[in-house]
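Chemist: Okay, here's what each chain looks like letter by letter:
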Amino acid sequence: MANSGVDTKRRRFLIAATSVVGAVGVAPLAYAFLGSMAPSARALAAGAPVEVDVSKIEAGQLTRVLWQGKPVWVVNRTPEMLSNLPSLDNALRDPNSDVLTQQPEYAKNATRSIKPEYVVLVGICTHLGCSPGYRPEVAPADLGAEWKGGWLCACHGSRFDLAGRVYKNVPAATNLVVPPHYYKTDNIVLVGLDGGKA
Amino acid sequence: MADHPKHNYTGLLGWVEDRFPLMETWNYHLAQYYAPRNFNIWYYFGSLAILVLVFQIFSGLFLAFHYKPDAALAFNSVEYIMRDVPGGWFIRYMHSTGASFFFIVVYLHMFRALIYGSYKGKRELLWLIGMTIYLALMATAFMGYLLPWGQMSLWGAQVIINLFNTIPFIGEQLSVWLRGDFVLSDATLNRFFALHFFIPVIVLPALVFVHMVALHAVGSNNPDGIEIKQGPKGNRWSPDAPKDGIPFFPYYIVKDVFGVGVFLFVFFAVLFFAPEMGGFFLEPPNFEPANALKTPLHIAPVWYFTPFYTILRSIPDPWYGTVGMFSAIILLFLLPWIDKNPIKSWRYRNASHMANLLLFAIVFLILGWMGTKSVEPLYKELGTRMTQIYFLFFVVLGIHSRPFANSQPSNVLGILIAVVLGLLVWIGSGFLSFGGIFAGIVVGLAFALIFMLGNFIAKQYFGKNGVKARYAAWFFILLGLIIFYDVYFRFVPSDTTATVQMLLQLIWPVVYLGVTLLLPALSPSVNAEKPVPERVTE
Amino acid sequence: MKKFISGMLLALSAAVLPVSGVLASTGVELPPVKANIHDKQSLQRGAKYFVNYCMGCHSLGSSRYNRVAQDLGLSPEQVKDNFIFTRDDDGELQKPGDLMTNAMRKKYGEAVFGVAPPDLSLSGRLRGETWIYHYLKSFYADRTRPFGVNNTVFPNAGMPHVLWELQGLQRLEVKEEHGHKTETLVLDQPGKLSPAKYDEVVMDLTNFLVYVGEPSKLSRPTIGIFVLIFLVIFTAVAYLLKKEYWKDVH
Chain A
1 MANSGVDTKR RRFLIAATSV VGAVGVAPLA YAFLGSMAPS ARALAAGAPV EVDVSKIEAG
61 QLTRVLWQGK PVWVVNRTPE MLSNLPSLDN ALRDPNSDVL TQQPEYAKNA TRSIKPEYVV
121 LVGICTHLGC SPGYRPEVAP ADLGAEWKGG WLCACHGSRF DLAGRVYKNV PAATNLVVPP
181 HYYKTDNIVL VGLDGGKA
Chain B
1 MADHPKHNYT GLLGWVEDRF PLMETWNYHL AQYYAPRNFN IWYYFGSLAI LVLVFQIFSG
61 LFLAFHYKPD AALAFNSVEY IMRDVPGGWF IRYMHSTGAS FFFIVVYLHM FRALIYGSYK
121 GKRELLWLIG MTIYLALMAT AFMGYLLPWG QMSLWGAQVI INLFNTIPFI GEQLSVWLRG
181 DFVLSDATLN RFFALHFFIP VIVLPALVFV HMVALHAVGS NNPDGIEIKQ GPKGNRWSPD
241 APKDGIPFFP YYIVKDVFGV GVFLFVFFAV LFFAPEMGGF FLEPPNFEPA NALKTPLHIA
301 PVWYFTPFYT ILRSIPDPWY GTVGMFSAII LLFLLPWIDK NPIKSWRYRN ASHMANLLLF
361 AIVFLILGWM GTKSVEPLYK ELGTRMTQIY FLFFVVLGIH SRPFANSQPS NVLGILIAVV
421 LGLLVWIGSG FLSFGGIFAG IVVGLAFALI FMLGNFIAKQ YFGKNGVKAR YAAWFFILLG
481 LIIFYDVYFR FVPSDTTATV QMLLQLIWPV VYLGVTLLLP ALSPSVNAEK PVPERVTE
Chain C
1 MKKFISGMLL ALSAAVLPVS GVLASTGVEL PPVKANIHDK QSLQRGAKYF VNYCMGCHSL
61 GSSRYNRVAQ DLGLSPEQVK DNFIFTRDDD GELQKPGDLM TNAMRKKYGE AVFGVAPPDL
121 SLSGRLRGET WIYHYLKSFY ADRTRPFGVN NTVFPNAGMP HVLWELQGLQ RLEVKEEHGH
181 KTETLVLDQP GKLSPAKYDE VVMDLTNFLV YVGEPSKLSR PTIGIFVLIF LVIFTAVAYL
241 LKKEYWKDVH
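Residue numbers (the numbering used here), protein chains in the order written: chain A, 1 to 198; chain B, 1 to 538; chain C, 1 to 250.
Be a bit skeptical, because a hint or two may be false.
Said to hold, decoys possible - Label-pair restraints from in silico Cβ distances: (1) C:His180 x A:Gly35: 32 to 40 angstroms; (2) A:Gly35 x B:Phe182: 39 to 47 angstroms; (3) A:Val26 x C:Asn156: 53 to 61 angstroms; (4) C:His180 x B:Tyr320: 21 to 29 angstroms; (5) C:Pro221 x A:Gly195: 51 to 59 angstroms; (6) B:Ile41 x A:Lys70: 52 to 60 angstroms; (7) C:Ala103 x B:Ile362: 55 to 63 angstroms; (8) C:Asp39 x A:Glu105: 43 to 51 angstroms.
As the list claims (entries may be wrong) - Computed footprint of chain C on chain A, listed as stretches where at least three residues anywhere in the stretch have a Cβ under 8 angstroms from a Cβ of chain C: (9) 21-34; (10) 99-107.
By construction, these hints were calculated from the structure, which means they are not laboratory data.
Even glycine gets a Cβ: it sits at the ideal position worked out from N, Cα and C.
Could you put together the complete structure from these sequences and hints?
Modeler: If you want it as structure tokens, here you go:
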């Protein structure tokens, strides 16, 4: 018989030991390989925080910057625009920004911003990633009388108000993302970093 | 097709086995593949070669995620991998170190086949497939070396591709077609990248698979060169298995795992502490971007090509140099038909055969080392002498394959070869010129004369014993041919330095032929073969 | 055509030199120099000298400011204040994550120096520490050269002696004895630094360039030790396993 006089226990132990030690070796190897697919220093440099001088944005205007390769909008909302916001609450899916992943805590407020007039938004539709168009005008012919300004996504028709909040009955399910940002000085907002934690 | 063979597997394994020969394959290639029990250290390199191939494929894949095969971007993309990609340097060094280790392992694997006669006993195809793998490996390595697009990449590839220029009539068009441009350029880099992916990922694994199929059909050779399948049957695992065989799984698997551990220690020691390996694995000039306007001062191919590079350099005529270099590789393919001695392992062959193999290995190493050296008269001559011995090896191997034959080389055969040789030289050095005809006649006549003279001297002094006379005749003939080659093709009366070197270093072929041919002619004990045992030894 | 190829092959083979010690172009072997990339103070000084004296012409196009900062133990602010002088296309100072390029155009470099000053990211690996160290010490006054200086390690280098204020100016003295030429460099006009201090500056620059040639070298051997220790353990266990199974065979 092939198994006569064989110390099966010792064999099992040694097989287990070799396998475990081998696996301990393969794990960091796999980590090194798969880790190389993470963003490189170049990608990180391109995704570095971006400064925006909000004092240069005229009232009602939108300015775009690139952060991590994504469009980021900064809008200087007029008092009139701001006053329109609460009136839309009933038409919106998440008027109070309850979906916490869509904005940092300091932007979970009525205007979704640190300073009420300046809203900072990642300009990518939360439906499938198109970049919605800025439609600040009130009640244009194609958007209906209820429109108080906001964004319309040309791809699938999602609508957002001027705080980036999503309307009901549109493909997108969540509000536009407010990226981490803070005011370095009164006029300079740094997009990409939270103030306290940076 | 008939029904699947019956099996006793149940459950999931049974379900699979009904549909796919999973356990059948496992058993055929591993659990019930009986390999000789006496494998020694030389038998690690086959499995290690597969390990390195896997390393190369995976590290190559992850490098390709970041590499850019574009002449304007390639060099910087490699540095991007080395610095910006997380852990990129490790993957890159794994790939570059792996390339060199691939050749180390393969060269040792091939030498193993040489010393134990693993190309014999219905293993000719196995050997041919293996040699094809080696060729594919060289092609892959050559193309891979272009990809970093450094100075060595560019100029190394430039020189090698220009070898094709030397082919008569079609050469120039061929090399332009290979490059896809009139110079080595972005087009070349682009296709080399594609081929550097295609060959190792598709062609090499397919060849390795066929290599394994052939091996497992014939069965493994072993250090004693005994066919265990023809020996007694019955071992503790099976009554019909060869008595000297043990199942590959688990015994050689666990042994190979240990071998992998030792190998990886050496591999990672180099990778982490000397990835450039003193300029042999990564050559310093390749840290400068390719520049078509400036050849670097120090240029040499990577070490694994240098033996053949030296052969190329030592033959002054470019076309014959190219022919020489490629025939140095092609001759290796023919080993099974050159060495017909029924004894496989050098353990039981005569001492001269052993000496022949060892000297061949040493000559190969010297040729390799020389490829990194400049062409000073001393080295130039050494390279030529080593090249001569490289080719003599195959003739001597053939002579050794019948150690007790007592017939001297036939003069008729000699004259026939002389005629063929004369014709070749005539064609080669100008078919329509008087010089060509003259050269052909001189070479043919000289060859025939040397042949007959060698036979004559041998008969005079070693005539009583046919075996001795045969060795002696070959010694004189081969030495005579070397001297004729030197005098006719290489001797330049005005170049005294070269002549002195030529004379001094004649010692190398004399010693080589003396050890392998004259010694067995003088002492029968050197020619004695040992009895091959019935069963494998420990 | 054959002649051309054989000529080329010959020229190539003639160019193949032994890969041994580092030679000055005069053929004299240079005394070997060992760079120390773990001396952070020296690397920081070297980096500072580099951006001040070299980077106007020589970029480090594969290297990023923030990586250098991290490896040398500097804060991003220190790097910003001390190292970043290059402005990008928009006229703004480069960011810490940017590659350490300079603003010199290739055409301009060629016009002024004959050859565009090479990027030095890999000079530590291409030339090696011995060459760099001796090169920076071997400038001497030579009126026949466009910049008034020549170099014994790299004759006819198309580069001014940017560190001359520190080193001073050297003169080449050639002595001939028994047909044997010996070349020595003599300091003619002392610079701001003593020769010993200047050697330190050159060593700092050498260290920095060797570091920049391969930043991963800082951590490579450390990781290597752990990998090798692991492999010793693995091989030992695998050996025991092999021995246990092979009891069946022996």
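Chemist: Now tell me if each hint is right for this structure.
Modeler: Hints and how they fare:
In this structure the supplied range 32 to 40 angstroms is violated for C:His180 paired with A:Gly35, their Cβ-Cβ distance being about 58 angstroms. Separation of A:Gly35 from B:Phe182 is about 43 angstroms and conforms to the stated range, judged on CB atoms against 39 to 47 angstroms. For the pair A:Val26 and C:Asn156, the beta carbons lie near 54 angstroms from each other, so the given range of 53 to 61 angstroms is met. The hinted range of 21 to 29 angstroms is not satisfied by C:His180 and B:Tyr320, whose Cβ atoms lie roughly 43 angstroms apart.
Remark: the range hint 51 to 59 angstroms for C:Pro221 to A:Gly195 is contradicted by a beta-carbon distance near 40 angstroms. Checked against the given bound of 52 to 60 angstroms, the beta carbons of B:Ile41 and A:Lys70, roughly 58 angstroms apart, stay inside it. Evaluation of the 55 to 63 angstroms hint for C:Ala103 and B:Ile362 yields a pass: the beta carbon distance comes to about 57 angstroms. For the pair C:Asp39 and A:Glu105, the beta carbons lie near 45 angstroms from each other, so the given range of 43 to 51 angstroms is met.
With 4 residues having a Cβ less than 8 angstroms from any Cβ of chain C, the stretch 21-34 of chain A passes the three-residue criterion, so the hint holds. Chain C is given as covering the stretch 99-107 of chain A, and this is violated because 0 residues of the stretch bring a CB closer than 8 angstroms to a CB of that chain, at least three being needed.
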